[in-house]
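Asker: Residues per chain, in single letters:
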Amino acid sequence: MTTNRAYAVELKDVNIYYGEKLAVKDVNLSIAHQKITAFIGPSGCGKSTVLRSINRMNDLIPGAKVEGDVVYRSQSLYGRDIDAVEVRRRIGMVFQKPNPFPKSIYDNVAYGPRLLGIRDRKVLNEIVERSLKHSFLWDEVKGDLKKSGLALSGGQQQRLCIARTIAVEPDVILMDEPCSALDPIATQAIEDLMKELVKQYTIVIVTHNMQQAQRVSDYTAFYSIRKEVETEGKEKRWGVLVEYAPTETLFNQPSHEETERYIRGEFG
Amino acid sequence: MSNRNLSITTPLDIGRDPRLLNARLKRQDSTEPILTKQARPGEMLIRAFLLFCGLLSVFTTIGIVVVLGSESLLFFNSGVATLTEFFTATRWQPQAGEFGIMPLLSATITTSIVAMFVALPLGLGAAIYLGEYARPNVRATLKPILEILAGIPTVVYGYFALTFMTPLLRGMFGQDTVQIYNNAAAGLVMGVMILPTIASMSEDALSAVPRSLREASYGLGATRFETITKVVLPAALSGIIAAFLLGVSRAVGETMIVALAAGAGPCVLGDTCFNPFAAGETMTGHIARISGGDLSYNSVDYNSLFSIGLTLFVFTLLLNLISRSVSKRFREVYQ
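For the protein sequence lines, the chains are A and B, in the order given.
Going by our numbering, the first residue of the first sequence is number 2, and it counts up by one from there.
Going by our numbering, the first residue of the second sequence is number 31, and it counts up by one from there.
These are computed hints drawn from the structure, not numbers from a lab.
Bear in mind that the values here come from a model prediction, so they are computed numbers and not experimental data.
Note that beta-carbon positions come from the ideal geometry of N, C-alpha and C, so glycine has one too.
Worth double-checking, as some hints may not be accurate.
[Said to hold, decoys possible] Cβ-Cβ distance ranges computed for the label pairs, FRET-style:
1. Gln76/A <-> Gly204/B: 43 to 49 Å
2. Glu87/A <-> Gly204/B: 48 to 54 Å
3. Gln212/A <-> Asn167/B: 45 to 51 Å
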């Protein structure tokens, strides 16, 4: 059933507000199944906000409101009868700063499966091993699963967070600038990992790094900022999706001048 | 080039605001060295005063320990009670020459346990509600109200225990079971008194847990309650234990409520001690009652009070040490 789906998630006429303030306007985007989609754009263009709307992470911010439709498996994520907890079980997230729990490596990875009610030690052991192997961390930590997740290096912590996310086998993994706190070698490891993971998962990544988007992604969405002077000295700013295309097309033959200027490094 | 030469050879004062030079800055063309260390008596004075403030509490503590210790030593040397008798005798009756601490200690323990049974779950529950569930405007109303509870004088709580809680308990469990003065009423009201302290400190501990940890948990499909119990509470445990301990210390040291509502005479060990519905006199209550009467200095009764005080001090010190080791062992450090 899942293999025939062309799109994992579709955003239709999405507006996102923080309180009264419009943050992102009119985003239409279809995220391809089992591909890597990158969101790029200058700071404040709302790319992280859009990302967080895909697994209802914005619910946690008081005043955040989403208009329009985010469709996953023909259900609108913001419908009345949708359980945000169920959404997040299917659509997992990796954050900008590695945020392992202050628990052991084992307990970090087993956290999600335990939430699903798995208590059998043997099953948990298997899941933990498989997830850590899948995130290329197993060889580095296999003798020391009782060690605190916080004792690992930054790059290892981020791979632990990825292992934790894939332990519950979501459909989609959202990554919010997962390498921005990491050095180049750790970044390389995460990028290699993403290329492996995409064989099984749909990945959406927000990145500030255009080379990274070019290296790893199949599709790229470029967001930018629109401004409007409201009254004297007061300015309204919101984010828009400017262009969405296969990564190669977007970087080599952008159809908007703004995209071209951004990828040439002229602003942002 | 010529400009540069000019600025080196010419005294800098030319272009400067003269008021700067009149103030603190030494003149650039002064013949003596201008960077030499200066005496700053004001700073020294402030530093000395701040050091004094810091040391005051240390010296006060030392003073209290010395007084408690030496007076207690007088008591134990007077031969009315050995240390073993002090801890094993079943009565505290100075007139009869019986000095067993256990009856007083038992009332302290009973009232404190009752109080913590009220204060810990309710305080923690209030903290979790305020910190994790309440909407900002609800929280802004509830928190000040809760904090008013902490500002009520304990003598008011004492009368509340005596005139409200005791009749309530007697109505519920029967006049024969619940005595007019009883540990339960004092303990319950003491719990209400401590509740805001526990709630406020626990809430601080909970809100200190970084949002990134909560997000990680929600991102894995945890519910709010699962996130609180499995991530937030373990990470805040050391703060919660500290709150619990402060609560216990306040319960053990509380005087007015127990003096008014718990009873005015030590129980007899093996008789009614540890019965929450019976009357009892705590260590603090006993010290307050006896030292309020006409007690002559250097009498055995007078010295005996210091032995109670010392026991109280050691008791809270032990609690402190235990909680420190407990929180060190179980807390999840997140930074």
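Asker: With reference to the structure, classify each hint as holding or not holding.
Answerer: To see whether the hints hold, each was checked on the structure:
1. Gln76/A <-> Gly204/B: 43 to 49 Å: violated (60 Å)
2. Glu87/A <-> Gly204/B: 48 to 54 Å: Hint holds: Cβ distance 52 Å, inside 48 to 54 Å.
3. Gln212/A <-> Asn167/B: 45 to 51 Å: holds (47 Å)
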